Each structure stands twice: as structure tokens, then as C-alpha cells.
Amino acid sequence: MMKVHVYEMMAKRGIKTRKQLAEAAGVHQTHIGKIVDGKVKRVDLSTLEGLCCALDCQPGDLLEYVPDGDGKPSKKRKQVGGVGRGTIR
Numbered sequence: 001m002m003k004v005h006v007y008e009m010m011a012k013r014g015i016k017t018r019k020q021l022a023e024a025a026g027v028h029q030t031h032i033g034k035i036v037d038g039k040v041k042r043v044d045l046s047t048l049e050g051l052c053c054a055l056d057c058q059p060g061d062l063l064e065y066v067p068d069g070d071g072k073p074s075k076k077r078k079q080v081g082g083v084g085r086g087t088i089r
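Going by the numbering used here, the first residue of the sequence shown is number 1, and it counts up by one from there.
Among the clues, some could well be false.
[What the hints assert, rightly or not] List time: in silico BS3-like cross-link candidates among lysine-lysine, alpha-carbon distance up to 30 Å:
hint: 1; residue 1: Lys41; residue 2: Lys3
hint: 2; residue 1: Lys16; residue 2: Lys3
hint: 3; residue 1: Lys39; residue 2: Lys16
[As the list claims (entries may be wrong)] So the derived label-pair ranges between C-beta atoms look like this:
hint: 4; residue 1: Asp44; residue 2: Lys19; range: 33 to 39 Å
hint: 5; residue 1: Asp37; residue 2: Val66; range: 28 to 34 Å
hint: 6; residue 1: Pro67; residue 2: Asp37; range: 33 to 39 Å
hint: 7; residue 1: Gln20; residue 2: Pro59; range: 35 to 41 Å
hint: 8; residue 1: Thr17; residue 2: Asp61; range: 34 to 40 Å
hint: 9; residue 1: Gly33; residue 2: Gly69; range: 28 to 34 Å
hint: 10; residue 1: Glu8; residue 2: Gln29; range: 15 to 21 Å
Source of the hints: derived by calculation from the structure; they are not laboratory data.
In this text, all values refer to a predicted model and were calculated from it rather than measured experimentally.
Cβ coordinates follow ideal geometry from the N, Cα and C atoms, glycine included.
The whole structure should be built from the sequences, with the hints applied where relevant.
Set out below in C-alpha cells:
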């Protein structure tokens with residue numbers, strides 16, 4: 001599963017609202033909301049690039065891979081689902 005850390009990076013960079021992040025990243029505010037809430041199935045590289053630029057960070061600062069219980073990937077292929085404060089399964 002993927003854990004997302006956008007809120008943590010927003011706090012470190014003094015970005016207080018999703019609207020501020022959307023404007024800085026060049027991404028529509030609705031899409032930022034879905035990413036932050038972990039409600040997307042995938043994130044385009046251009047969106048990830050915008051977030052990294054706005055937050056002055058690397059993709060690894062926003063996304064963290066956490067193996068499931070046995071440490072093996074699931075049989076069903078999973079996409080990186082979103083960047084936000086939640087966990088993507």
C-alpha cells in the first residue's frame with residue numbers, strides 16, 4: 001500500500017489550504033482535494049511534478065511504500081492512488 005504525506009509537507013512549507021496548494025502546483029482545486037483525501041486511483045507525473053515544485057520536495061517525500069503484512073505485493077496489481085493524508089490500498 002502507499003501512504004501519502006501531502007499534509008505534512010504542506011505544514012512544513014507553510015501552505016495552509018488546498019486552494020493555495022492547487023494554485024502553486026497548477027492543478028485544479030477539486031483534483032487536489034481528491035488527491036489529499038486519497039480518493040484517486042492514480043496520479044499523473046505532471047501532477048506529481050507540480051506538487052513537488054510547489055512543496056519544494058521529492059516524490060519520496062510525498063509517497064511512502066508500506067508492504068502489506070507478508071511483505072509481498074498483492075496478486076492484483078495496484079496503482080499508486082493518490083497523494084494526500086490517507087493510505088492508498
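### Task
May I ask you to test the hint 28 to 34 Å on the CB atoms belonging to Gly33 and Gly69?
Hint holds: Cβ distance 30 Å, inside 28 to 34 Å.
### Message
Against the range 15 to 21 Å, how does the distance between the Cβ atoms of Glu8 and Gln29 compare: consistent or not?
### Response
holds (20 Å)
### Message
Assuming the hint says 28 to 34 Å, is it satisfied by the Cβ distance from Asp37 to Val66 or not?
### Response
With Cβ atoms ~18 Å apart, the hint is violated.
#### Entry: 33 to 39 Å as the expected CB spacing between Asp37 and Pro67, which holds or is violated
Hint violated: Cβ distance 23 Å, outside 33 to 39 Å.
### Message
Verify the CB-CB distance for Gln20 and Pro59 against the hinted window 35 to 41 Å.
### Response
With a Cβ separation near 20 Å, Gln20 and Pro59 fall outside 35 to 41 Å, so the hint is violated.
### Message
Quick check: does the Cβ-Cβ distance between Asp44 and Lys19 fall within 33 to 39 Å?
### Response
violated (20 Å)
### Message
Lys41 and Lys3 were given as a pair; does the straight-line alpha-carbon distance stay at or below 30 Å?
### Response
Since the Cα atoms of Lys41 and Lys3 sit roughly 13 Å apart, the hinted pair holds (cutoff 30 Å).
### Message
So if I understand the rule, the pair passes when the alpha-carbon distance is 30 Å or less; does Lys16 with Lys3 pass?
### Response
holds (20 Å)
### Distance restraint hint 34 to 40 Å, applied to the beta-carbon atoms of Thr17 and Asp61
violated (20 Å)
### Straight-line alpha-carbon gap Lys39 to Lys16, limit 30 Å
It holds: about 20 Å lies between the C-alpha atoms, which stays within 30 Å.
In terms of the numbered hints stated before, the structure departs from hints 4, 5, 6, 7, 8, listed from lowest to highest.
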